[in-house]
Structures are given as C-alpha cells and as structure tokens.
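Here's the letter readout for the chains.
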Amino acid sequence: MSKAIESSGICKTFGDRQALKDIIFDVNEGEIFGFIGPDGAGKTTLFRIISTLMLPDRGSMTILGLDSTKGYRKLRENIGYMPGSFSLYLDLSVEENLNFYASVFGTTVEENYELIRDIYSHIEPFRKRLAGRLSGGMKQKLALSCALIHKPRLLVLDEPTTGVDTVSRTEFWEMLRKLKQHDITIVISTPYVDEAMNCDRVALIQDGKLMSVDKPQNIRDGFSRKLFSARAGDKYRLLLALRNYPATLSVFPFGDSIHVTFSEETPGRELSEHLLRAGIADAVISETKAGIEDRFLELMEKNE
Amino acid sequence: MRTIIFLIKKEFLQIFRDKFIGKAIFGIPIVQMLILVPAITFEIKSARLCIIDNDMTAESRGLISKLEGSPFFSIVQATSSGKEANDLLYGNKTDLVLHIPQEFGRDLGLGKSAKVMASVNAINAMTAQLSWAYLSGVIRDYNIDIIVSANPAAAAMMASPSITYRYWYNEMLNYKHYMLPGILVILVMAIGFILAGLNMVREKEIGTIEQINVTPVKKYQFVTAKMVPFLVIGLIDLAIGLGIGKLLFDIPFEGSLFLLFLCSAFFLVAALGMALFLSTMSGTQQQFMFMAFFFMIIFILMSGIFTPLESMPVWAQKIDLLNPVAYLMRIYRMIMLKGSAYADIERDIFALVAIAVVFTALAINRYRKTA
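Chains as they are written, first to last, in this note's numbering: chain A, 1 to 304; chain B, 1 to 371.
The following block holds chain B by itself, in its conformation from the complex (with noise of 0.2 Å):
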C-alpha cells in the first residue's frame, strides 16, 4: 500500500511538473463546454425557399402570404420559370423549391383536390426532413384554412380530435440539455483514455519502465498507480464542467451527484483499463495514439450523442454492448434529465463495472515485467 502511495505521489508530480499538461486538464475541460454545448445542435432555424408560382391567382398568393408569414422560411426569389428555380438548387442558393402548377388556384375553385410540387436538397438529410416537415406544415395549415372558409360547418369536424403535445424531461426541446450531458461524457472519456495510456507508453519509450521493472514493485501497484491521479483529475473536471452547465446554460440535474460521480468513477475505471491495455500493445506513444483516437471515435460516435441507439442496425448495437461511452452517455442524461435513481440504470451500471474489472485485469496481465 504504501508503494503505491509513493508510486501515485511520484505520477502527480511527473504530472504537474509538464506545465502545458498541468494547465491543460483543467483549461481543456473549460474551452470544449463553451464551445461545444451552444454550438452543438439539430435546430434549423431558417430554411431558403424559392417558390415557382405558374398560378398567379388569389389561391396561390394566399399560399405564399402564409409561407411568408412563417418565420422559418426566408423566400429567396418567386419565379415562373422551373428552369430559374432549378439553377438555384444547383447552385446552393436556396433549400427548398416549391412549385405550384397552373390548375392550382382552378382546382380549388372547383373543389378538388389541387396539387403542389416540393423538391428539397437532400444533401443533408437531416435539414432535408426537418424542412420538409415545415413545409408541409404550412401547407396543411392552409388546407385548413380553405375547407374553413368554404364551409364554416367543417371547422368543428376539423378540430377533433386535436393532438396536444407534451415534451418529457426536456420541455422546451432545448438541445443544450439534450447535448450537454453528452459532452460531459465526452470530456471525461478524452482525460481517461489518452493521458494514462500515453504516460505508460513513454515509460517505454524513454526506458523508465526497465528500471522499474527490476525493482520489487508488482504489476498491479504500478497499474493501479497509473490509474488513480487520472481517475480524480476526471472527476474533478467533472465537477467543473457540472459548474459551467450549471452556471452559464441553466443545465437541469434531477437526480442524485452523489450517483453522476459514482458512475463516472466505474467509467473512467473502465476507460483506463482499456487504454492501460491498449498502451500494452504500443510501443510508441504514436502506435498508442492512433489507436486510441481509433477506438474513441466508435465509441464516442456510437454512444448515442448524435444519434438514438435504437436506430442503429442490431450488430451495431450488440458491439455497443462493449462501448463503455454508450452506458455512461445513457445514465448521464437519464439521472440529469429524468432524474432516475440507482434501481433504474442498475444494468448500466453493472455493465460498467464489468467492462472495468475485465479490461484492468486484462492490463495487469498483459503488463510483462520479464521478456
């Protein structure tokens, strides 16, 4: 015990003498919440429409006051040549097109049924759907609008049933809750997977490891020595990145700290294990890192912070069984957002826990100090 205390005093020592590392852990974790949390997210606040209108009738322009009345579309030309509105998709210049047809503003006078044409750049296809969804948003409001006030007697057909929506959790859909707690994850991932690699790789590297390899010291007092000063610089960045969530984007935390920290304990164990293992099998601190920096975007990418886990195909999501990413980012958001207690990510938990004993057994053992 007490050889690991001098192994662990000697590792925050070697730590903060490297005045860049030293400031580094603590300003890196500062920078990536203010910059990531507001920049990060899936609203679109404006889409570019151009709206080809054949019509020319009372009907249509009706259509195009309501598209100019929602505040998502900015129209950036009306024209009647579908050629003009083409170029304008080819060259980027807008998002949408929509296009009206001559027997437009007739069929409705006629009561039929009239038809509209929207083409949408699918370049992203996020954008492309969530605009897409406006747009026809619009357009069956002022469907409505028409059957109103054609027959007033319809309107109470129309309005039931109506749907009423409620946002769980996350009320207001407000993405900075949403990503915040992903990027905590995120941070804590970086501090636990590349620094302690890295620092046992140089070992090597610079030969220290044989002098100490030739002293009494075991395979798991040096292991666990390398663990613990990254396992607390990760909880306290943690806390800091907690702070300015709390502070400066109002982040909500229902649930127990108590719990947040516990978990991300297990996880930075379970992280550290698989880089000490990984630094095994470097030889140099760049074999190390360009494994890691491998291994961190699969597991940051198939976490869930983008994207639901759910929609991923079901090989995907067996792999992710041993994505230690994916579990934390899940009982971040669950304990922050939903407040959930101990009971309910009971499983997350133990699957933590099991990555960790495994991938720091496995580095422990793979850890030879003979040849």
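In isolation and in its complexed conformation, chain A is listed as follows (with noise of 0.2 Å):
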C-alpha cells in the first residue's frame, strides 16, 4: 500500500517550548488518520506542517510523494485544509464562499458537484445566506465543502468536531465515511477520545510526543489490567472513597459511573467495607471491557 504521509523526526520549537517533539508516523492511501489528543498537545502545530503553512525545524515529511518544504506548490493544488477555527468569508455569502474557492484552484463548482453533493445538499438552501449568519453546522459543512472543492487527494481537518453538537458529529463524520470512495486520504484530529473509533487508525498525542499509533480495536485492546466499572447513588462520595482505598491503582469518572482498576487482582471484602465505612452501602461494581478512552488515559498516566 502506498503512503499519502511519510514523517520522519518532525520537531518544531517555539521560544522555548518544544511544541513537537521526533515525530514519526506514516499514513496511508485512502485511509481515516486521526490524531487524539487534549488542547495543546500539537495537533494543530502538526496540521499546520502537513498543510505546508509551516515548516518544521527538524525532520522531513513527504506527503503525496512530494517533499513538503520543496513541493509545496504541487502539493497545495492537492491539500484540502479546513483549519480549527472557522476561516472562510463571513461577508460571503455560501455560495459566492464555494465559488470563490473553486476559482481559485482553477476549477467550478459544477466541475466537481459529485463529490461534494452529500454535504452540500444540506445547506444549498441557504446558499443565498451570509457564511457568517450560517449555524455553527452549517458552517460546518460548508467549510468542508470550501476544502473539497478542487478535488483534492489529501483532505487535512483540524479539529472540524469541536464545539459541534452529538448530532451533527456523527453525521460529519458519516460524510468522511462516504468520502473514502472517492480515494481522498483523510487526516484528522480531535480532543474527543470517542471519535477515535471513527478512524481506520488513530495516533494518540500529547505534549508533542505520538503515544501510540495503530488501529483504535488494537490501542483500546492495549489495555493491561482489569477494570472494575463502580456505581453508586452519590457518585463523588464513590469516587472519593475509591481514591482513598489503598489498592486503587486509577480512578476516572466515566459517564454515569467510575472506572477504576486495582493492584489486587479482584477486589473483595476488604473493598466492600472500606466502602460501607465510608457510608455507601448501594455499590456495584463489575468487570467491565476497556474503552479507547481508558487506555489513553492509562498511557497518558506512563507518560508523566
């Protein structure tokens, strides 16, 4: 299979901070790449370098088969970026936005219809309204429409699902689904742990550093210990009384209820009288399968 990125030994530095720290990662063709990480972990620092509006000061990335600082001409006739924040003319309206962006690369709207016509269809209703009066989805879409446009082989999205509702991320990500027929490569990042199921592979990130990169069944399987899932009527008392115990090893809120794993191998009596001690008398707690989230909360713990 041939790759759409090859980056070896990617660092970049600002000031004194080291925003990216030697990484490596490749991707391949026609695949849903996502990077997961919290806020400032250096997604978008390495978004920007793979959209060549930034160079990096260490390292080299090849992206289509084009050396990123020495191809970036050819490349940005093949990158489609949508950048976190949401950056098309507000005093445009939808359709002059769409239009304006076709020209640009040369091409029309009609020329490349098929491709965007699952997404566009939603808003063309609105295609008379300003960009700026569109709904936070909205917008959404025809951000993604706007990178689309020129047919690009590589579709680069920056956090395209933060602050958007459960609703339309699962219909956004649906439209990346859809968009793998047509061999675009998709590279994605998000804070949100659970989106990460929605990609063919993911690499965890954070504080500059890849964690892990494989397939989500295989980090999520990655887990190595048992987890115990706790109920209670009081849920912050639980959690409290879990933390004290002194076989706890971790303890995350999760949902309506608390993930915890222990150095013992199955919690017994001991555990159900530290709890009634500490006034819970309604407790269930069971084994429970490991999520993606929990095994990038595990890795994140090694990491510190």
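Be aware that one or more of the hints could be misleading.
Selected chain B positions facing chain A (in silico; Cβ < 7 Å) [to be verified]: (1) M1; (2) T3; (3) R17; (4) V214; (5) P216.
Calculated from the structure, these hints are not laboratory results. This one's a predicted model, so the numbers in the text were calculated from it and none came from an experiment. Yeah, the Cβ is synthetic: ideal placement off N, Cα and C, and Gly gets one too.
Hints given; two lone chains; assemble the complex.
Next up, the structure:
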C-alpha cells in the first residue's frame, strides 16, 4: 500500500517550548487517520506543517510523494485544509464562498459537484445566506465543501468537530466515511477520544509526543489491567472513597459510572468494608471491557 | 491572470457588501471637500487693535483715523493708560497694542523722526506677522502723507521707484485655489493608505488568510488583488473631488487631466504598497491603524500643504524624498495652477514610480504564505 504521508523526526519549537518532539508516523493512502490528544498537545502545529503553512525545525515529511518543504507549490493543489477555526469569508454568501474557492483552484463548482453533493445539499437551501449567519453545523459543512471543491487527494481537518453538537458530529463522520469512496486520504484531529473508533488508524498525541499509533481496536485492547465499573447513588462520595482505598491504581469518572483499576486481582471483602465505612451501601462494582478512553488515560499516566 | 480577476471580484464584492464602507468611500470625499476647502485659509480678515494715545494732538488723531479707515483693523479701545492696554492684551481682548508717546506730535512738528511702539500677541506667529505687516503698512502710508503735505516737491521723489505686484498662477492669491489641490491629495491618500491595509490585516485577524495560503494563489496575485480595487476607488474619488472643485469653487485647471490621473495612479500604487507593507508587519487592525496614523500625519504635514518645503531644515527635506504625498502635492499644484506638462514634473513622477515599485516589491516579499 502506498503512503499518503511519511513523517520522519519532525520537531518544532516555539521560543523555549517544544511543540513537537520527533514525530514519526505514516498515513496509508485512502485511510482516515486520526490524531487524538488534549488541547495544547501539538495537533494544530502538526497540521499546519502537513498543510505546508509551517516549516518544521527538523525532520522531513513526504506528502503524496512530494517533499513538503520543496514541493509545496504542487502540494497545495492537492491538499484540502480545514483550519480549526472557521476561516471562510463571513461577509460572502455560501454560494460566493464556494465559487470563490473553486475559482482560485482553477476549477468550477459544477466540475466537482459530485464530490460535495452529499455535504453541500444540506446547506444548498441557504446558498444566498452570508456565511457569518450560518449555524455552527452549517458552517462546518460549508467549510468542508470549500476544502473539497478542488478534489484534493489529501484532506486535512483540524478539529472539525470541536464545538459541534452530537448529532452534527455523527453526521460529519458519516460524510467522511462516504468520502473514502472517492479515494481521498483524510487526516483529522480531535480532542474527543470517543471519536477514535471512527478512524481506520489513530495516533495518540500528548505534549508534542506521539504515544501510540495503531488501529483503534488494537489501542483499546492494549489496556493492561482488569477494569471495573463502579456505580452508586452518591457518585462523588464513591469517587473519593475509591481514591482513598489503598489498593486503587486509577480512578476516572466515566459517564454515569466510575472506571477503576486495582493492584489486586479481584477486589473482595476489604473493598466493600472500606466503602461501607465511607458510608456507601449501594455500591455496585463489576468488571467491564476497556474503551479507548481508558487506554488513553492509562497511556497518559505512564507518559507523566 | 484569471485568478487575479477572481480575487479582485471578491474584493469588490466585500467592499460593497459592507453597507457603511460602500457608501462612505464616495461620501467622505464630498464631505471633505465641502468642509475643508472653504474652512482652511491663511487670510486674516480682521485684527483687533487697542491704541494708547498719550499725545492727543492733531497728528496722533490723524494716525488713528487712518487706522480706523483700514478695513483690516477694528479698534477695540482707545485709552491713555498703558496698564489698561496690557490687560487687554493679557485677556486676549486685543491682538495688537499701538502706543503713541507724548512727543509724537511735537517731534513731527519739529521735523524730527517720531516713534510709536507696537506690541503684538504672537501666540499664533502667523497671525502676528501678518497683522504687524498690515500695521506697518498703514503707518508707512501715514508717513508719506505727512511728508507730502509738508513738502509737495518731495512727493515726486517718494513716488519713484514704485513697485507693483503681480501674483503669477494665482493672481488673486485665492487660498481656495491653493488649498484645493492639497485637500484632493489628502483625500486620495486616505483611500490608498487606510482601506487596503486594514483589509489585509482583517484577513489575518479572521483567519481567512490561512485558507488562502493553502491554495495555489501566488503572493503577487493576492497583493495585486488587494491593490486594484482601491486604485480604482481612489481615482473615482479624485474625479468626484475635482468635479466639486470645478462646480463649487471654480478651481482653475490649466494642465492635462490625463497627466493628473496618471500621476495619481502612480501615487496610489506607492501608497498602497506602503500600506500593504505595513500590514504585513501588523497582526491586528489596531496595530495597523496606529502605525498608519503615525505615517499619515508625518506624510501630510511634511508634504508642503501648509508650509513651503523649502523652509524645512535640510535633513527634513532629505526625509521628504521618501514622502509620496510631497511629490503628489507638488504635481497637483503644478498641473492645476500652472499647467505644467510632463517634462516639468518628470523628476517627481520618477520618484513616485520608484517608491511604488520598491514598496510593492517589499509588500509582496514580506507577505509570507509559510511561517
């Protein structure tokens, strides 16, 4: 399988802060590759380097077979970039924005309409509306349409789902999966770990370092301990009590339950006595299957 | 080329989409012309005069009536107290004090030279100089009257040689004719210097420049597309300004209209180049406005609109070699009032073209698509 991106030893420093440390990864052609990490992990910096907007201090990147620093002219014709913040012209209408981006790439909306139809059809009824007056979800669809209008071979999406409601997020991933049929490689970043399962492969990134690059299932299965899910009426009190328990290794609130690991094989009587002493009588603790979030949190702890 | 046209179309669309800017770019020149041209003048219509007459003779009264007869002076008060007169000067109740001493009439009678003393409020040096010149003119006239009445034969001697004046290129010394070309320059300057730069910085602020930077649009294409709309608007504003000047202020226009517009186009490219160069160095519209304001003030005040360039210190004249406004100011006045042709203003045109080329190149070069 040929590679869409090959990155070797990318480093970038701002002042005395090292934003990216020796980033090595590769992206296969036609896959959806996700970068997952908290805010400030270096995702945007990396994406700006991929989009030829920034030069790395060290290391090199080959994108679509071209060197990113030397072949940037040719590359720009084949990359569709959607920055983290909405950056289309707010004072131009939906239609005007789309036409404008088509024309600067030397193409027309009609020519590549097929590619964006599924996405653009949602906002087409509002094509006369100014981009500044669109709702968040519609803005996102317009931005994606504009990034796709020149039929790029690589789509770079920097946190496209941040600040978007759950329904729109699901819809958005749906659209990306459809784009795969058009042989477009997609690189996407997100701070939401639960979105990782939508990617073919993900890279976990923290403090400018890649922690793990693999299929999401493999990352999830890399969870090394037995994981328990704990519930009680008073969730906060339960959290504190679990934290105080000597054999506890990690405790994280997870939705309406609490995910916890212990150093002992199976927690027994001692734990229930400990919880009773803490005034929790209704605790239910059962073994559960680790999600990718659990693995990510585990990796983060190790990293620290 | 097609890309540039698309980019330019987008700029025009955005300029006129903004309802305020769309109207203001044509409204402001009209308002500016209507207010500034009649308002700015160096002419002094009248000065207030206080006279201390300690002499009280026929001679002193003769001088006073001569001053009363002048339309320029309005006599605030005649007094015999020097203190009272000084109080008036302190209190800004009078612009000049003329002191006629006791011996004035006697000395004149004896055929000796008589002395008067004038005190002038020089808070505003320009007003002071002018009113002093008027006052001494009246006194000189009075002097001649006395000599002639005492010795008619001397009149012939006094009369020659007499000097007559003729003011070339602006015969009536009409300040409107002097100021109007200058105000036209400021008008064209404001369009060229402020709007394009702000426009560029706004793209940075909103982040749209990121999206443009990942496209194959070339640097020179983007910068050109930022310049052309404001070049066109600047020239349209100039036409409006000239129209108002002709219709309302009857401004003379001796030279070639084509030459005037050609020079203005060169100037606009120079101003736009400078502004876009500044914009590459500012991250926010606020930073840009602050810098642009600073440069505009310097350019305008050192352009020769109010004060002749020749009276500036040599080092300042050297700085002015980089001031596009100074060149255009000279060109406008030469073309409009004197009817100068290309050959007369060749050097100024070359200078403008040089500034335009250098700063546009700098703007294109400094505008980075990759950080």
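To see whether the hints hold, each was checked on the structure:
Proximity of M1/B to chain A is violated relative to the hint, the smallest CB-CB distance being about 11 Å (cut-off 7 Å). Against a cut-off of 7 Å between C-beta atoms, the interface hint on T3/B holds, since the closest Cβ of chain A lies about 6 Å away. With a cut of 7 Å, the hint placing R17/B at the interface with chain A holds, because the nearest CB-to-CB distance is about 5 Å. Checking V214/B against chain A: minimum C-beta separation of about 4 Å stays under 7 Å; hint holds.
Annotation: P216/B was flagged as interfacial toward chain A, and the flag holds, the nearest CB pair being 5 Å apart, inside 7 Å.
The earlier numbered hint that this structure contradicts is number 1, and it is the only one.
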